[in-house]
Amino acid sequence: MHPPLSLIWFFLTAGTSIGLFSFIYLTDFLSLFGLNTSLPPNMILFSCVISLVLIALGAIGASFHLGHKLRAWKAIKRFHTSWLSREAVFSGAYGFTLLLYGVSYYFNLHPAVQHFFGISTLLLGWLSAFSTAMIYASNRFVLEWNTSLTVLYYLNMYLMLGSSAFLATAYHYKPELIKPYLLLALLFVFLGLALRIAFNVRQFFLKRPTINEALNLPHNRPVKVLDTGTTTNNYCTEEFYYRRGKEMLSFVLPLAYIFTFVIPLMLLLYSLISANYKYAFYALAYASLFVGSALERWSFFVEGNHVQNLFYGLYPEEGYRLRKGYMEKKKTKISLRS
Amino acid sequence: MAQFALVIDLNTCVGCHACATNCKEWNTQASFGPLSDFDPYGREPQGVWYNRIMTYEVGEFPNTQVFHLPKSCLHCQDAPCVPVCPTGASYKREQDGIVLVNYDDCIGCKLCSWSCPYGCREFDEADKVMKKCTLCIDRIYDETLPPEHRKPACVLTCPARARFFGDIEDPSSEAYKVIKERNGFVLFPDMGTNPANHYLPRTETKVHIDEHLLKPENPLFLEVVQRHYKGG
Ligand code: SF4
Ligand code: SF4
Ligand code: SF4
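Protein sequence lines correspond, in order, to chains A and B. The first sequence lines up with residues 1 to 338 when you count with this note's numbering. The second sequence lines up with residues 1 to 232 when you count with this note's numbering.
Calculated directly from the structure, the hints in this document are not laboratory data. What you are looking at is a predicted structure, and each value in this text was computed from that prediction instead of being measured. Ideal Cβ positions, reconstructed from N, Cα and C, are used throughout, including at glycine. Any given hint could turn out to be false.
[As the list claims (entries may be wrong)] Stretch by stretch, here's where chain A covers chain B in the computed footprint (C-beta under 8 angstroms, at least three residues):
id, region
1, 83-92
2, 110-118
3, 187-195
4, 215-226
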């Protein structure tokens, strides 16, 4: 699939916004139970502003994916069937209640009001994240995406971005929180790594449809694409098959792994083990996660193979096969004319 | 409930692209608005087409067969492109099962094209909306046209008469009959889309050499004998 930059941008901004807000609010919420976790109001206000700006930037960026931005409001109409519609509604509502939460905090309204808005924002934020993930996971025609791993990994990425952004913020406002949250951040990055590996490994074992199934022909007859009707690319070949991306994937995916997991893990682990709680570690970890996640989302799109490519002979043949108990890699051959 | 559809005979389709060309011609001028072309005289001419013809070869040499597969929106009975549309711009008509896009509501998010396993929707970069075969809804209901012309443009133009149109739920329609009589099949049946458009499978043709062709008076006698015995 062709990776849309606007959607990658939305992922990064919404992910940081929702992730950061969740840590801020939940931490403050814990103080209701007599724990010493109440945050300085400045920290909450600062984070609210950051989250609000980010989700607004995300929405503006995502609108570039649309052909008609001014009609975007119409995307609320099919809430009962469309995950995209749900995403639009929930992320809009999230931004709105986030604003209300910030305002209630600024004017120091009754705590009940503050927490009402806080809980609503938290809920709406995660509903919006879940809806976004479901847009991909519910697509039956891109087998690489069509799994609950897509959703789990997606939500965990929000937690990765949020927890590292939280560490960088807490450093300035409430440093005593760094130690426990460092562990949490580490946990999410580890979990992310495990889920991403599972996501990649799963692709090897997918039972892929063949061109015979697409054309509804007997399975034992070889089929060759002779002609796709036009001499150049068209919408279908460009949207669903990104040739340059496929070539670059073997280079970008390892980079994504390094920036998303290896570098943040090393930084956070070092900080934990050496008890050296420096701001630079958290800022760098977040920056690395940001860059890595952008590359990771790019790879996610490029890794996705849409079954319509079968008609063009651009679908990977059965790439990996289990034989005699070990995994043997067969060269994945994708060609227009063989 | 009615379900209008096309039925395409793969025995007779010669891959001449007349249907695709006439589809483009009709739909570029008709009530659904233009199908844009980009760089039409350049090295990479691209454009929006409702109907594309692919050519495939089946079997192993020397026993191969080539067939042409015209592919336009199949007006699926369980169309997965409809529920994903966030604006309701993509919809399936109750009265005749035709799947359409309302260009005034489409925000161009492309999600419907991601949800079509056949690659039958195309995004028009000029209008910034999603487009697809309308089953020539503006022809088939046009009462100013003579009744025999109230058919899709691609059906009327096909020189090989490979295309049939009708209500596949109505036993008296031509489309229903050919599907039943000649084992019509659909593309990608496993995708759970239940396409309305059907294809008629290739049938094997056997040629019997008549006795009189093998008479020595036949001026082609030598050739017939040679072919017969060489299995040509
Ligand atoms: S062929 Fe594709 S665009 Fe047409 S109805 Fe089926 S899923 Fe939708
Ligand atoms: S591109 Fe248009 S028709 Fe397709 S899902 Fe988006 S809004 Fe609906
Ligand atoms: S039915 Fe009409 S719109 Fe559809 S492929 Fe034929 S000519 Fe084109």
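Each hint, compared with the structure:
1. Proximity of the region 83-92 of chain B to chain A, defined as three or more residues with a beta carbon under 8 angstroms from a beta carbon of that chain, is established by the 7 residues found.
2. Counting residues of the region 110-118 of chain B whose C-beta sits closer than 8 angstroms to any C-beta of chain A gives 8, which meets the bar of three, so the coverage hint holds.
3. With a threshold of 8 angstroms between beta carbons, the proposed coverage of the region 187-195 of chain B by chain A holds, since 6 of its residues qualify and at least three are required.
4. Counting residues of the region 215-226 of chain B whose CB falls under 8 angstroms from any CB of chain A gives 0; the rule of at least 3 is not met.
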